[in-house]
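Asker: Each chain, letter by letter, is given below.
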Amino acid sequence: MPLPDTMFCAQQIHIPPELPDILKQFTKAAIRTQPADVLQWSAGYFSALSSGDPLPVKDRIEMPVATQKTDTGLTQGLLRVLHKQCSHRQYVDLADLEQKWGKLCLPVEKFRALLQLDPCEHEIEWIKFLALGCSMLGGSLSTAMKHLCEILTTDPEGGPARIPFETFAYVYRYLSRLDPEISVAETEVYLSSLKDSVESRKNGMIGLSDFFVLRRKM
Amino acid sequence: MPRNPAGELPTPGNIRPGGAGGRSQGPEVRRRAGALAKPARRSSEAGSPGGSRGCWATRAGAAGELCASPSQSSVAPTSCPGNFPSRPPPLFPSLLASRNPCPWHHVNLSDSHDALAPTCLEAKLHQKRSGSTPDVASRLTDRASWTMGTYTYTSRPRALPCQRRRYRDGVIQPAEEPMPYGNIMYDRRVVRGNTYALQTVPLPGQPDSIEIQRQQQAQKRALARKRNREQLRPRTPEPVEGRKHVDVQTELYLEEIADRIIEVDMECQTDAFLDRPTTPLFIPAKTGKDVATQILEGELFDFDLEVKPMLEVLVGKTIEQALLEVMEEEELANLRASQYAYEELRNAELAEIQRLEEQERRHREEKERRKQQQWDVIHKHNETSQKIAARAFAQRYLADLLPSVFDSLRDGGYFFDPIERDIEIGFLPWLMNEVEKTMEHSMVGRIVLDMLIREVVDRRLTMYERKEDKQQSVQLEAGLGGAEAARGSLAGPESQDQSTSQSQRPDRDSLPRTLPEGRYTEITSSQERELVEEEEEAVSGEVRKSLGREELSQ
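Which chain is which? The protein sequence lines are A and B, in order. Heads up: the first sequence begins at 128 in this note's numbering, then just goes up one per residue. Heads up: the second sequence begins at 67 in this note's numbering, then just goes up one per residue.
In isolation and in its complexed conformation, chain A is listed as follows (with noise of 0.2 Å):
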């Protein structure tokens, strides 16, 4: 019996099969991420749900939101967003990661202050882009390689959040470089000296109990 075109009756209404799901996945992210503005956030998601991209979703809630009053609004979780949406590719595009940072819901401003640290043309290398952000999130550069190494590891959440000493060292090195406080030769020093401890103990792998509690001890 094809249905009539005109209705009579809220059972004729038809509800798209897909529409709860989607609607559910995307409640879900909304709830998880928490974003300041939620339009705004939802442009993003459903663009990168469209294109197949990885989603500007947080994999946890973070209790402690950001407000962007008093901090920089930025968080680890949103950080981590970002890795997820830009690690694939060594270099970004500036634009991109504007608009990427945009969709966040994070201020401008804040990313234009960001990139003057370490001021380039067009595009920035990823690793040194999360590694200014990181030092952003934190005040001291232990802290910032703190949530670097959370950021960056492949353990799971709450593990001893391994990275590549290499990794590690570069970061470092880009971080001290950038603060005049900190001279070259300390820097080496302090990068030879866990190195000899890493390479001793796991296969070339620095977690964060190698280097965090080591330095609060100090």
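All clues given are correct.
Derived list of chain B stretches under chain A, where covered just means 3 residues or more per stretch with a C-beta under 8 Å from a C-beta of chain A:
1. 366-377
2. 385-393
Subject to a maximum C-alpha distance of 25 Å in a straight line, what follows is the list of computed SDA-like cross-link-like pairs (lysine to any residue):
3. K383(B) <-> P144(A)
4. K155(A) <-> E394(B)
5. K383(B) <-> F153(A)
6. K211(A) <-> A403(B)
To be clear, the hints were calculated from the coordinates, so they are not data collected in a lab. Being a predicted model, the structure only gives us computed values, none of them experimental. The beta-carbon is built from N, C-alpha and C at its ideal position, and this holds for glycine as well.
We have chain A; now place chain B onto it with these hints.
Answerer: Okay, now just chain B, sitting in the frame of chain A:
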């Protein structure tokens, strides 16, 4: 005893004219049985109708067989001999025919229907003559008497039980009538073997029926066996095309076959069996009145209004579900994260524990090593002190020994001077030899001188003698003794010289020898004394040195 002796006993002498049981037997049967003296079966068959004349009219099958009987050509000659031509013969061949049914009896039934009429009449006549049905009564009495143990036969007149049907059902199904008569050897009333087993008398009612049943079954079995035998027998072949078998009476007297069945063919046609058609949809009868009105688009259905509850459900459910799921997943992730964190912590602690254990182990080992070392040192110290004590004791013990040992050794001549010894061994013999040589030379010279002197003396003597001779030629005879005395005087000094030289010689030899020897001994003794003194000094110095060393070491 058989209940029908006339039927079962083969000899005519045994035939009882039915007095006691009131049995009326047809005279023709009796006569025929007596004449034929046939075996029990046939005669019993012949006898049974004789004993049950009254039943003949009611029995259809028997009649049919009766009329079929003339066709039995095989029986007819034997059973109908010319012994009794006066009597109509069809009775017992027909009975025989009933035992041996022929496939084409059936066909001829209707034909022989008319021919039966006289025999039926006759049977009725016989029945009247007998006037009773003795069989049933006799049977009853039989049963009673048998159970009592002694056999008495009483039989009331009675009708023969209707045992034969008028019509046979078919060729395959011949008459299943119970055998009224049987072999005496199978009669259960005839006791065979031990009669003690029969003392236990069964109840009057029950075993009888069982017995009857068994008997009937046995009869049925016998019939079936017979039927099988008959079926196995070759039959008349099928008629050729267009012909059919027809019964022909070969008897001397034709009989009308009376019990022919009148057949009429009727037909009846029913409709074909059709499927039931589907029940049409029930439509109730229309009630009410039709009224029409016009409804414009959107008047009845407002999408926004209608969709609202659905949307509420959708959104509400979605959000609820999403919240739940997020909570669940967050919880799980938290659990997992804390688990990993704990595991990490535990790993670190394990590593720390291992490290501490290792350290502890190293400490313990170090302690053990040091203890061992200390023990070794103490041992060594003890050993050394004991050694030193022993040494001191030995020295003190040996201190008195040394001089005496040296004295005895010196006395034993173990200490000597090599120069002295060389002089003693090498120089002195040589010196002695040389001295001896020089002495020899001087001796030789002295001897030579002696010889020269002697020569000279001799020569002067001779010369002197010559002169004497010349002077004392006269005195020659007197001078002989004088010469000899001169000669003796001459020899005297010589021997004196020799003896003196000989006596002087050892003196001369001994003197220089004793003199240097005495000097030498003096010299050697002084030398020896010096050497001994030197050695003593050396030994005392050594002892002093060693003592000093010991004191130092101590």
